[in-house]
Amino acid sequence: MPDMKVNEKHVTVGKQFHDDPRMTMRNVNVFYGEKQAIHDVSIDIGKNEVMAMIGPSGCGKSTFLRSLNRMNDTVEGCRVEGEICMDGESLYNTKLDVVELRARVGMVFQKPNPFPKSIYENVAYGAKIHGLADSRIDLDEIVENSLNKAGLWKEVKDRLHQPGTGLSGGQQQRLCIARAIAVTPEVILMDEPCSALDPIATARIEELIKELSENFTIAIVTHSMQQAARVSDRTAYFHLGQLIEVNPTEQVFTMPEHELTEGYITGRFG
Amino acid sequence: MPDMKVNEKHVTVGKQFHDDPRMTMRNVNVFYGEKQAIHDVSIDIGKNEVMAMIGPSGCGKSTFLRSLNRMNDTVEGCRVEGEICMDGESLYNTKLDVVELRARVGMVFQKPNPFPKSIYENVAYGAKIHGLADSRIDLDEIVENSLNKAGLWKEVKDRLHQPGTGLSGGQQQRLCIARAIAVTPEVILMDEPCSALDPIATARIEELIKELSENFTIAIVTHSMQQAARVSDRTAYFHLGQLIEVNPTEQVFTMPEHELTEGYITGRFG
Amino acid sequence: MQASTLFIIIIGLSIFGYFMGQGRALALAKPLGGIRKLHSLPSYYAAQAALFCALPAIVLMGLWLIFEQPIIDSLVMSRVEAGGLIESKADYNLALNRVHNIAAGVLSREGQQSVVLAAADNLNAFRTNARLALTLLALSLSVAGLVLGLRRIRPDFRARASVEWIMSGLLMACALLAIFTTLGILLSVVFESIHFFRSVPISEFIFGTSWSPQTAIRADQVGSSGSFGAVPLFTGTLLISAVAMFVAVPVGLMSAIYLAEYASRRTRTLVKPTLEILAGIPTVVYGFFAALTVAPFIRNLGESLGLDVSSESALAAGSVMGVMIIPFISSLADDVITAVPQSMRDGSLALGATKSETIRKVVVPAALPGIVGGVLLALSRAIGETMIVVMAAGMAANLTANPLDTVTTVTVQIVTLLTGDQEFDSAKTLAAFALGLMLFVVTLCLNIVALRVVKKYREQYE
Amino acid sequence: MNNSAENLRRIQKSLKKRYFVERCFLWSGRAAITLGLLAVLVLFVDITSKGYGAFRSTEILLDIHYDADALGIDNLHDEKQLAFADWDVLLKNALREQFPDASGRKERKQLYGLVSNGAGFDLKERLIANPKLLNTSEKVWIIADDDIDTYYKSWLSGDPYAERMSEKQIQWIEVLDEQGAIALKFSKNLFTRGDSREPEQAGIWGAVMGSLFTLAITFCLSFPIGVAAAIYLEEFAPRNRLTDFIEVNINNLAAVPSIIFGLLGLAIFINFFHVPRSAPLVGGLVLTLMTLPTIIITSRAAIKSVPPSIREAALGMGASRHQVVMHHVLPLSMPGMLTGAIIGMAQALGETAPLLMIGMVAFIVDIPQGFTDPATVLPVQIFLWADSPERAFVEKTSAAIMVLLSFLIVMNMTAVWIRKRLERRW
Amino acid sequence: ARENIDIVGSSTVYPFATVVAERFGRATGNPTPKIESTGSGGGMKLFCDGVGLGYPDITNASRRIKRSEFKSCQENGVKEIIEVPVGFDGIVIANSLEAEPMSLTRRELFLALAAKIPGENQGELIDNPNKTWKDVNPELPAVKIEVLGPPPTSGTRDAFVELAMEVGCESFPWVKSLSKSDKNLFKSICHSIREDGMYVEAGENDNLIVQKLQANPAALGIFGFSFLDQNADKVRGSKIEGVEPSFDNIADKSYPVSRPLYFYVKKAHVGVVPGIEAFLHEFTSEKAWGDEGYLADKGMIPLPKATRDALSESIRNLKVMTGQEDLH
Ligand SMILES: Nc1ncnc2c1ncn2[C@@H]1O[C@H](COP(=O)(O)OP(=O)(O)OP(=O)(O)O)[C@@H](O)[C@H]1O
Ligand SMILES: Nc1ncnc2c1ncn2[C@@H]1O[C@H](COP(=O)(O)OP(=O)(O)OP(=O)(O)O)[C@@H](O)[C@H]1O
Ligand SMILES: [Mg+2]
Ligand SMILES: [Mg+2]
Ligand SMILES: O=P([O-])([O-])[O-]
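Chains as they are written, first to last, in our numbering: chain L, -10 to 259; chain Z, -10 to 259; chain V, 198 to 659; chain B, 29 to 454; chain D, 8 to 335.
Hint data in this document are derived by calculation from the structure and do not stem from the laboratory. Beta carbons are placed, not taken as given, at the ideal position from N, Cα and C, and that holds for glycine. Watch out, some of these pointers could steer you wrong.
[Unchecked claim] Taking lysine-lysine pairs in the DSS-like style, the calculated list, with each CA pair at most 25 Å apart, reads:
1) L:Lys117 / V:Lys227
2) V:Lys652 / B:Lys332
3) L:Lys117 / V:Lys652
4) L:Lys24 / Z:Lys143
5) B:Lys196 / B:Lys134
[Claimed, not checked] Far from chain Z, some chain B residues (derived; all Cβ distances over 12 Å):
6) Leu36
7) Leu43
8) Glu50
9) Gly100
10) Ser185
11) Gln199
12) Asp205
13) Arg221
14) Leu249
15) Asp272
16) Leu358
[What the hints assert, rightly or not] Some residues of chain V that are not near chain D, with every Cβ distance over 12 Å (derived):
17) Leu331
18) Phe394
19) Ser461
Modelling step: build the complete structure from the supplied sequences, incorporating the hints.
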């Protein structure tokens, strides 16, 4: 990775903000104990927008993503400062019901983490706890639909009641995607959802993202720039915990504004 | 995924065998309980060869890879049939020393699994148990070298004694690679080693693979065909547990012999 | 109505409330387009109604049952007292008993004073009335709770939050119980200890090296040689516990490892519960075994080796105690070792580690907090164990580190002092409380240290 | 970095030693298991060899004549008559008839000493159950005195213990034996009666019921409370000084000598809440306090070992923390919690010391019918019998231990069965 | 309300009280009294805590009530106490049948077991130097002194000290004279048992001592007569002053080390808890505590007939203690 210095008091370049934002983040800092993992990030994610987040490994993409549905709460010693709002309501407001928030802001984790339960139970879980199904038939339908959308139905339809942990890596990843979309969240955060997927499955997921973006807001972390280019409206480039540049995806990949972004993009093709 | 049928008694097409093989597999079948995950696979991997394994998610790549250093032993209900030999010696020979085998055949798992120890301890672990270092200084050197090769040294050199589980996804993956190469195995099995890596880190690992392949044998599972094209000498295509085609990488990507391979390759770009 | 019947009725009512709540929630949801339109799952609305129905009524019942008797008694006795029969507390108690037994029909009514007879009748009347009142109150509270709980069911009512809030309260109350127990224990030993430290200086007790309560400090024995130095008791406890841990830790830990990592499932399901039997054999049995089988064996063995072994050696008591606490370590450690994710083992094995290396270097460290918990629990048991030592270790308070000698422990002294033939305010008996207090303080310190250490070496796996 | 060939050489060199360590490790595991099992075996064999004899008791066949006159009874429904009747007379008459050779006060007394002290009351019960027997005769197996029992058993095994027997008695027994009128029968008393001072009349049913009631209370309180406390501490409590304090406290409570819990129970439950002394209720409460730390500690260890990623997954789905606990953590840690319950309950089942303080170390004949009747428990019964002078109690003691162990095994098996069903490795 | 009689107290009296209780229960149809074995002191504490249903009706004791206890009883309102001596318990010194029979005097016992013994000179005290019985008396075997006995908290121990040690101690005239002049010193000489391992405090379980003796023939043990009675094939009682510890010898007082057993009844509870009077009568009936009574079968040594008769008279009248008795 090119050893470029980040200016001490950095300024994010590009179009950080959005006219019709669903989520607004202002001056967000995240710390793991002493260590600061996110520095002063301000950005909007618009309604029906797909926002891609790219950046070198360890730059804080997952951390930032996790702070959007307060999953960072579960990490001991992790602290979030600044303002993160969804539809104008602050997430870190003590009055906010974090459970409801997480039901509205779904998440697919970087490492697939299926429950040690059957495949069916894995997918049905969210629907069950949120009361999305009024009957067993509803539930079956939700499960089938979700697995179908995640491109896993055909592979697992004969073994729905076998443990989810007995699936292959990619299957687990798709299971986790199916599980997340089964509760039809309004915002979906995906942390490298296709990292373990073959091209065909990846295409399926990308299609899904497109489909979902018609109604929902999606933030996706990815290492594949092609993928970012294919699915996202805007792309944010992170570097060492700072948000360097946000711009329409087209522009980021063709004429990045910031030299760091350029370095990263060309480093790829160089 | 195109719904093409696999012929009942299939025949692998292409150049399955190698003149100077390090590992020879003949009629390998792998079962999880009742379910057969690998069907009658025969293939050679040559000395100083990089073999890429591709195929749709769930087709048995990880399973096959794991049977090459007998990691399948640890899965309850998993059974391997057929002959797998390294340098002419059968791996499933009861007399074979599986510890030595695994020291010689290193493995990087699909899901990064760092030990709940410090970063340093994670990398030094193999060297310590095998007694590869005579002194603390040797050990420090091994750790630094390995981390460097995996492209992680710069990021973690100030926090060597913090837990490896506190790293980002990509960092954990590189940590596991560093851990595997620290014991200098002769054969390295890598299960999607770059799935969570950004392009720069990926490039670093690919370079590493090239470097290692001068002396060693490498089998790599990957979903990125570009990656396969960049690093491998031959490519094996798996489908539903069967080995469909093995051919020089060039040929597989330009004019695959089997229609299934072609479907998979073009499905990607289509 | 009997309290138990009432209790069952309330529970029944609350079960009924549950189904009512569920039905109501479902009925509310239907026109809205399914339960997704409700804030919470129907079961939460139902649970909310059930809790509202049961909890207040049961709390009322509990309080009522605790205070009913004293209040009725004082009501009943106020007449008797007015009758001028009562001169002292003793009279009061007696009269009260008489009233109770007459009321219960155990004593005949013949020859009793009329005040007492009246009081007995009163008592019965009060009781009947009180029960009636309780029944009515509890049932109406329960029904009121039910109605309120049901009325609160609205599509936007945050039933889940409400139920979970109550549940959290209950959970916390359970955890706080530990504090109350501690408080209770302290209270039940502190006063007597203070009493004790009035006659024996605290410094002598803590630092004295001679324990010999045989010539106790009685009023008529000023200056005699009774001495209350607790040091030998604590070293004795330590010695025996050390011997016990020396037996239990290796055996327990190795058993756990073997069961979790090497043994077949079948062996494991058979052996683990078999070992657990060791924890349930009455300590009296162990005591006999230690005193009559192990101790002579060790003595004879020692003699044939030319060693001077006491016939009630710390070794005998300690090793038998060690056997008893094996399952505390083996079962607990087995559970936590089994819970370490397979991927940790895979990571190590793939690097060419042998199974034992994997276990020693990866699995056990990852499971360490749980294992330490088990070991601490076993150690605690060893320190607190009484019967074995009473029977096998004797009561000679020697200050020694030689396991072949006989020593005594704090618990032995507590038991003999408390159950022996004493005048009850003698320094001897009080010493038991002081010992209890001191043991409490010492183990508290040990535990604080242990907590620190565990925190430091904790390896959290993913 | 060292090159691969050099490393391989080193690895191969190290292997021998490492395999040696591996083998030692494996063998020490086997040795540990063997040791543990051996301990169980030794204790079992020891106890069984001492106790099996108690399951049969010596009985003597006598021809009993229910003589209303001798009894001084005319109405079997008159309580008063029944209470004052001299039931032993029936036995005495029967014995005198059987052995007319007994002459003189002393010999007579020895003769009457053949049968149990309480056997007269057994006849009373027999007669009341079947009033038609009055003034008729029947042959009845009468339970023998404990000394006779001890002698007869030792005599059968070829090593007679005759210290407490007179010449005459020995002769009589030989005669009875020839007639086939003395035999070992299954000891029904052992399983149907409460405590008694006469070993041949003593049974453990009272103690079994006492244990049952006591443990029912202990389990119903300590398991839910313990699990709840563990859940609170691991999953909900903020990590601060207070929770550290609670944690230390709980660990510390485990080390409190059990007798101190007895003191506590005495102060709180008996003196403050006026729970009746000697009742299973108070015993159960005290044992609850005593087993709570064990259950809490084991449950916490079990909860701790649930991988955090599972919690994350569920939280990420929008599950509340309570749902995470109920749906994931609890099912996954239940086997460990059951281990805690097994050990805790086993401990409670075998405990005597705290019961000393709350009056459960007592002589109680009547079988407890509820949670507030005076009762004793199995280990206390063992403790009391072990301290009795009568030698026949030695085998009774061991028999009681055997019963306690069976109780324990049945109790554990249930829990183990559940635990096994819940266990999984992930 | 409580219907059963509640008895607490001495573990020594426990086996006797329980027989009576059982017979009482079976014969009368009353609920069988509940008897706790708490030790004499513990029983006395419970007993004296007050009157009323929550407190025991009767306490057993293997020694007489102490003055301090009596006072405490009075203070807590337990004013009227009926004292019932029921019989004797012999304290025996026994060893395994495998070992040589022993014949000891109380002086020898004192010399073997005291912490300090009088030295050569008048008024001098030396740490007990005796290691073997031969050191005590050259005619005794050269066996190491090892005596298993009750701990200082036990009533049996107190009785042993008073009945054996103190008498042996008084065989030294200058010590005896101390009993008038310096009572404290006298007690500290005569009542202190050595703590250097020769005297092993073996707990209160007499059966355990018997079995330990069997396992260790070199040792002697101190315990109640009934245990000797039941284990005649294992242990043998040593002669004291040439007298064997047998039933008859204890009864006629020729065996010197025996102590009286008592129980105490709250008069206030008579008529409050049903059956107390009947229980008293059962316990003090000839068929129970008489020479041929069932208590004697259980190993209790009866009181002399005359004493019994006198007592049963006063018991029938529920005569209470006056506080003028000669209590310690
Ligand atoms: N432990 C197991 N038990 C049962 N079935 C298993 C287990 N592990 C894998 N399988 C099944 O075996 C088949 C092959 O799995 P494998 O992990 O080898 O796939 P893969 O090719 O590595 O896929 P991916 O690219 O998604 O990792 C899949 O159908 C999978 O569901
Ligand atoms: N639990 C933790 N404790 C301490 N440091 C952490 C923790 N998790 C992440 N970090 C550190 O914070 C930084 C950002 O991590 P993050 O996981 O957000 O990276 P990322 O951008 O997702 O990288 P990747 O692409 O490799 O997943 C990294 O330096 C990482 O080491
Ligand atoms: Mg990440
Ligand atoms: Mg895979
Ligand atoms: O229990 P005792 O008081 O008789 O020793």
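Structure-based check of each hint:
1. As the CA atoms of L:Lys117 and V:Lys227 are separated by approximately 17 Å, the hinted pair is consistent with the 25 Å bound.
2. At roughly 13 Å between alpha-carbon atoms, V:Lys652 and B:Lys332 fall within 25 Å of each other, so this suggested pair holds.
3. About 37 Å separates the Cα atoms of L:Lys117 and V:Lys652, which puts this hinted pair outside 25 Å; it is violated.
4. A threshold of 25 Å between alpha carbons decides the hint, and for L:Lys24 with Z:Lys143 the separation of about 16 Å falls inside it, so the pair holds.
5. Using a Cα cut-off of 25 Å, the hinted pair B:Lys196 and B:Lys134 holds, with the two alpha carbons roughly 11 Å apart.
6. The claim that B:Leu36 is not at the interface with chain Z is violated, since a C-beta of that chain comes within 12 Å of its own (minimum 7 Å).
7. At roughly 6 Å from the closest C-beta of chain Z, the C-beta of B:Leu43 falls inside 12 Å, breaking its exclusion from the interface.
8. B:Glu50, annotated as away from the interface, has a beta carbon of chain Z within 12 Å; the closest lies near 8 Å.
9. With a minimum CB-CB distance of about 78 Å to chain Z, B:Gly100 clears the 12 Å threshold, and the non-interface call stands.
10. At roughly 52 Å, the least C-beta separation between B:Ser185 and chain Z is larger than 12 Å, which holds for a residue marked as non-interface.
11. Against chain Z, the non-interface label of B:Gln199 holds: every CB pair exceeds 12 Å, the least being about 71 Å.
12. Non-interface status of B:Asp205 relative to chain Z is upheld: no Cβ of that chain comes within 12 Å, the nearest being about 63 Å off.
13. Distance check on B:Arg221: its Cβ is at least 52 Å (rounded) from any Cβ of chain Z, clearing the 12 Å threshold; non-interface status holds.
14. Separation of B:Leu249 from chain Z is adequate, the least Cβ-Cβ distance of about 36 Å exceeding the 12 Å criterion.
15. Non-interface call for B:Asp272 relative to chain Z: holds, since the shortest CB-CB distance, roughly 22 Å, exceeds 12 Å.
16. The claim that B:Leu358 is not at the interface with chain Z holds, since no C-beta of that chain comes within 12 Å of its own (minimum 24 Å).
17. Listed as a non-interface residue, V:Leu331 keeps its Cβ farther than 12 Å from every Cβ of chain D; the least gap is roughly 20 Å.
18. Distance check on V:Phe394: its Cβ is at least 20 Å (rounded) from any Cβ of chain D, clearing the 12 Å threshold; non-interface status holds.
19. With a closest Cβ-Cβ approach of about 41 Å to chain D, V:Ser461 is found to remain outside the 12 Å limit, as its non-interface label requires.
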